[in-house]
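Student: When we follow UniProt numbering, the leftmost residue of the sequence shown carries the number 1, and every step to the right adds one.
By construction, these hints were calculated from the structure, which means they are not laboratory data. Only a predicted model underlies this, so the values are computations on that prediction, with no experimental measurement involved. Hints are supplied without guarantee of correctness; some may be wrong.
[As the list claims (entries may be wrong)] With a straight-line Cα cutoff of 30 Å, these simulated DSS-like cross-link-like pairs (lysine-lysine) come out:
{"hint": "1", "residue 1": "K53", "residue 2": "K133"}
{"hint": "2", "residue 1": "K81", "residue 2": "K53"}
{"hint": "3", "residue 1": "K81", "residue 2": "K36"}
{"hint": "4", "residue 1": "K81", "residue 2": "K98"}
{"hint": "5", "residue 1": "K36", "residue 2": "K53"}
{"hint": "6", "residue 1": "K98", "residue 2": "K136"}
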Amino acid sequence: MRFQVPLTEDHQVLEVGCGTGRFARYFLLTHCQLCKRIVATDCDPDMVDFARKHFAHEDIVYDVLDVTTANLSPFLERYGKFDRIFSFMVFHMIRDHKTAYANITKLLHDNGECLVVALSSLDTMDVWLEVYKTPKWTGRIPVSLPSSRPVTGTLNVYNLC
């Protein structure tokens with residue numbers, strides 16, 4: 001997989017669902033070095049705080065963003081639009097895909113590009129669903145995950161940027 005437009009020093013990259021921040025720090029930062037800024041987001045403020053504390057870097061901004069929000073205006077005012085948006089292993093936990101993808105469209109420049117990688121079929125999903133039902137995770141992750149169809153094929157993640 002290759003994007004159509006190479007990154008330049010004027011481009012911004014957004015990660016939706018950064019979790020701990022490890023992926024932004026060790027993958028995006030390494031493979032998207034030419035960009036102006038990497039904004040790594042998560043809907044959970046505790047995860048964003050963790051990312052800031054453990055995976056901070058001067059070229060990464062960690063911020064809270066619920067990609068299913070009804071109002072993107074404050075976020076767009078802070079950062080503007082993005083040239084590339086990544087989301088890895090998050091969309092299978094989002095209930096409202098329609099709003100999430102509509103918001104990603106609003107966050108992208110006209111010629112912007114997006115890559116979403118999510119689980120669609122996995123033997124351990126039943127185990128994950130049981131974990132999500134425990135008191136520690138209740139309310140953070142949806143128990144009723146949307147159904148999807150299995151994905152086939154491979155992706156070389158080292159050619160993404």
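Student: Mind listing which of the numbered hints don't hold for this structure, in increasing order?
Tutor: Result: no hint breaks.
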